[in-house]
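**Q** Please put together the full structure from these sequences, using the hints given.
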Amino acid sequence: MYRGREGQWAFYLHRISGVAVLLFLMLHVLEMSSSMFGPEWFNALLAFERNPVFGLGLVLVAALVLYHALNGLRIILMDFTSWGVRYQRQLWYGVWVLYVLIGFPMFFTMLGYVFGGGE
Amino acid sequence: MAWRARRYEEAKRLAASNLELAWWIFMRVSGVLLVFLVLGHLYTRAVLLDFHRDLDYDYMVRVMNSATWKFYNWLLLFLSVLHGTNGLRYIIDDHIASGRARAWVKVVVYTIVFLVTAFGTLALWGWNYQPVE
Ligand code: HEM
Numbered sequence: 001m002y003r004g005r006e007g008q009w010a011f012y013l014h015r016i017s018g019v020a021v022l023l024f025l026m027l028h029v030l031e032m033s034s035s036m037f038g039p040e041w042f043n044a045l046l047a048f049e050r051n052p053v054f055g056l057g058l059v060l061v062a063a064l065v066l067y068h069a070l071n072g073l074r075i076i077l078m079d080f081t082s083w084g085v086r087y088q089r090q091l092w093y094g095v096w097v098l099y100v101l102i103g104f105p106m107f108f109t110m111l112g113y114v115f116g117g118g119e
Numbered sequence: 120m121a122w123r124a125r126r127y128e129e130a131k132r133l134a135a136s137n138l139e140l141a142w143w144i145f146m147r148v149s150g151v152l153l154v155f156l157v158l159g160h161l162y163t164r165a166v167l168l169d170f171h172r173d174l175d176y177d178y179m180v181r182v183m184n185s186a187t188w189k190f191y192n193w194l195l196l197f198l199s200v201l202h203g204t205n206g207l208r209y210i211i212d213d214h215i216a217s218g219r220a221r222a223w224v225k226v227v228v229y230t231i232v233f234l235v236t237a238f239g240t241l242a243l244w245g246w247n248y249q250p251v252e
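Those protein sequences? They're chains A and B, same order as listed.
Residue 1 is where the first sequence starts when you use our numbering, and the numbers rise one by one after that.
Residue 120 is where the second sequence starts when you use our numbering, and the numbers rise one by one after that.
Hints in this document: simulated from the structure, not taken from any laboratory.
Accuracy of the hints is not assured; some may be wrong.
Label-pair ranges, simulated between beta-carbon atoms [stated by the list, open to error]:
#1 B:249 / A:51: 47 to 55 Å
#2 A:57 / B:214: 54 to 62 Å
#3 B:234 / A:12: 23 to 31 Å
#4 B:214 / A:90: 26 to 34 Å
#5 B:229 / A:63: 25 to 33 Å
#6 B:218 / A:111: 44 to 52 Å
#7 B:194 / A:57: 21 to 29 Å
Just so you know, even glycine gets a beta-carbon here, dropped at the ideal spot from N, CA and C.
**A** Written out as structure tokens, the structure reads:
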């Protein structure tokens, strides 16, 4: 099925984004759950992460998971509808239209938080 | 798991067992649910929340004292852990040829995922968060 051209790209991007997001999920659960250690520890950890390197990392993870989510829906449509496979390429372009519509406002807002110091 | 079915009928025909077919279906059902949970999480925690200024221990205490958010986060955690780990299992089966190495990688991956998930579950359901005075 995933032969050549768009399908091949879609497949590898889906894999890479899936594994990257799982790795982030593990770190993110550890990070947030460590609030159990109390306010001194947790606020210090958040202060340590409050810089553009971690901030951009967060935007990157958001970008990957949004692709994975939209392309995942495309896979599901191809699997369960009678027309999905026939319109596979159109669906692939649809993924990117939705990606821009949802993603750009989201990434832009996040970048504002990362780089918009002060009130 | 060398097969990669692209239609339900195909998945049904190719699945080595009912369990594999169940995982195939689970990947899709959890995927649909995760679209809403993940986008909702991103919207509330990365768009509405200025995470580089307003995220702190007090914010965490508020979330952890809301039964609704705890349930939301627990569902998000469990579905993404099961979905992500099963996805990684497909990838391990596809890329590691040696049976011994494959088994070891799986043991290590499942152990790490289990411990992290247990830690997250403890934080969600087994901890009392007091606001700082
Ligand atoms: C947000 C909504 C999501 C949707 C709609 C979605 C959908 C899908 C679908 C349809 C598959 C293909 C399964 C198969 O080949 O049988 C898949 C694979 C995968 N997903 Fe997701 N997923 C989502 C979120 C996530 C999250 C949060 C993670 C990580 C924690 C993740 C990690 C993976 C991995 C590692 C794979 C395996 C990739 C492969 O076999 O090539 N997914 N996803």
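**Q** Taking the hints in turn, state whether each one holds.
**A** Tested hints:
1. B:249 / A:51: 47 to 55 Å: violated (29 Å)
2. A:57 / B:214: 54 to 62 Å: violated (25 Å)
3. B:234 / A:12: 23 to 31 Å: 30 Å Cβ-Cβ, so the 23 to 31 Å window holds.
4. B:214 / A:90: 26 to 34 Å: holds (31 Å)
5. B:229 / A:63: 25 to 33 Å: holds (28 Å)
6. B:218 / A:111: 44 to 52 Å: About 46 Å separates the Cβ atoms of residue 218 (chain B) and residue 111 (chain A), which means 44 to 52 Å holds.
7. B:194 / A:57: 21 to 29 Å: Cβ of residue 194 (chain B) to Cβ of residue 57 (chain A): about 25 Å, so the range 21 to 29 Å holds.
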